[in-house]
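Sequence lines, in order, name chains Y and V. Start counting at 1 in the first sequence, then tack on 428, and there's your number in the working numbering. Start counting at 1 in the second sequence, then tack on 428, and there's your number in the working numbering.
Just so you know, the hints here were simulated from the structure itself, not pulled from any lab data. Any given hint could turn out to be false.
Since copy identity is lost for identical chains, a pair holds within one copy or between any two.
Said to hold, decoys possible - Distance condition first, Cα-Cα at most 30 Å in a straight line; then the derived DSS-like pairs of lysine-lysine:
1. 449 with 578
2. 445 with 534
3. 605 with 430
4. 454 with 605
5. 578 with 441
6. 454 with 441
7. 495 with 605
8. 450 with 605
9. 444 with 578
10. 454 with 444
In this text, all values refer to a predicted model and were calculated from it rather than measured experimentally.
2 protein chains.
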Amino acid sequence: MKHIESDSNATLKQWKKLHTKKEREKTGTFLLEGPHLIEEAISSGAKLQHVIIEENFTMEDEWLKEKFTLWSVPTRLMKQLSETEKPQGIMAVCEMMEEPEERIEKNGRYLLIDGVQDPGNLGTIIRTADSAGLDGVFLGEGTADLYNGKTVRSTQGSLFHLPIIKADLREIIAECKTLDIPVISTSLQGAVDMRKLPYMNGFALIMGNEGSGVQAEFQEESSLNVKIPIFGQAESLNVSVATGILLYELQRNR
Amino acid sequence: MKHIESDSNATLKQWKKLHTKKEREKTGTFLLEGPHLIEEAISSGAKLQHVIIEENFTMEDEWLKEKFTLWSVPTRLMKQLSETEKPQGIMAVCEMMEEPEERIEKNGRYLLIDGVQDPGNLGTIIRTADSAGLDGVFLGEGTADLYNGKTVRSTQGSLFHLPIIKADLREIIAECKTLDIPVISTSLQGAVDMRKLPYMNGFALIMGNEGSGVQAEFQEESSLNVKIPIFGQAESLNVSVATGILLYELQRNR
């Protein structure tokens, strides 16, 4: 096990730079916090470059030592590296996942995200897409960064369970159409009540920005526009909640 | 319009104390931020004791001046009073809502919250309960504070649309049983797939803590335990998302 004691250690400084999107994209790596996320990464075959442990952190077993280069740091430095109020004693530098060669497959179930800006919402949506058994999530322009610490934590590990791909949604919509996968937008105007949707083997559901919803261009290109009925006085639902309701309604007869 | 310029103004100091739960409960008041929430409060008949406006904030019309004592403050003081990174130029001190005399009515639809801790989750759940047209939400012991700034903002105004009542959930469950309202817990063991639920006119759905779920005591007292199917590899859903899925499934034939 290697040890870092100094605030000015070059390796530590390099890790701290991973708090910025620019550095994450330059290096193709991002930070993971806590034993749960690190276990999910390992069991999903993600590559960990470094595992960093707080001096007083006790691991339940020795499995980590056998597999990875471990670093120990004092509590003071762990607090600098962590982005949470209560660091969990263990962090890792993880390589970004590779994208699959075939992005869209016949009868696949996909979620297309058009500009969801809040990292917490994005992470929760990915966790929901995993629960709903989807085959992939596509992140369009203007969407929060997948590797932002808050996004990663909100996924609760689901980012390792299914392909999450940055993409031009125009291309994805076109690919879906070629494979006869219905493209469904959420919309308030001219939209069908979700409870009247027919059962679909595959689908591509587009969810939009928290304030402005799905872009008009994508709504026009969709096979159908759908809405969730509002029985009370709320103007709308939170985008993560709306995603969950729609994904489970679409798969009610699965 | 009154004006405050000094950091040590006693009225300003009093308002800032409302950042703490203790002071909110002592005074029976809480802070609102932003034009949307303030409009929702007014249109719902909530009582505003003070409306506070940033010097450079322009109101679209004169309606506020006619109704309320207005205070203007410099940007510096608004930042002290606000709990957000980007204050919206207007805040208010609002009185807590009165509770209805009859908490439970025959064939009513209710949500019982057993220890949801995150204020953002609680606010989103209240917004979802409003969208789903429920008749009331009961907050059990260990649940986040309704009047925490983050909770209030996450409700997007829905806290003014339906009764939200702090209560001993044991009493609420007993009242529901007396009125033949089925009490439904979420559970992973011995639970029915939500898609097999019969249609119910009224119901009381219990949602539990983010980590530990609904207390065993409440699960045992429930008419039935229900679960959301997980089609992928996620261990569970976010509690706000799960609430949305269940409330819309329960009301599918509404």
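Here is what the structure says about each hint:
no., hint, in the structure
1, 449 with 578, "both (12 Å within a copy, 26 Å between copies)"
2, 445 with 534, "neither (41 Å within a copy, 59 Å between copies)"
3, 605 with 430, "neither (53 Å within a copy, 61 Å between copies)"
4, 454 with 605, "neither (34 Å within a copy, 60 Å between copies)"
5, 578 with 441, "within (20 Å within a copy, 33 Å between copies)"
6, 454 with 441, "within (15 Å within a copy, 47 Å between copies)"
7, 495 with 605, "neither (44 Å within a copy, 56 Å between copies)"
8, 450 with 605, "neither (34 Å within a copy, 57 Å between copies)"
9, 444 with 578, "both (15 Å within a copy, 29 Å between copies)"
10, 454 with 444, "within (14 Å within a copy, 43 Å between copies)"
Figure legend: structure checked against the earlier numbered hints; hints not met, in rising order: 2, 3, 4, 7 and 8.
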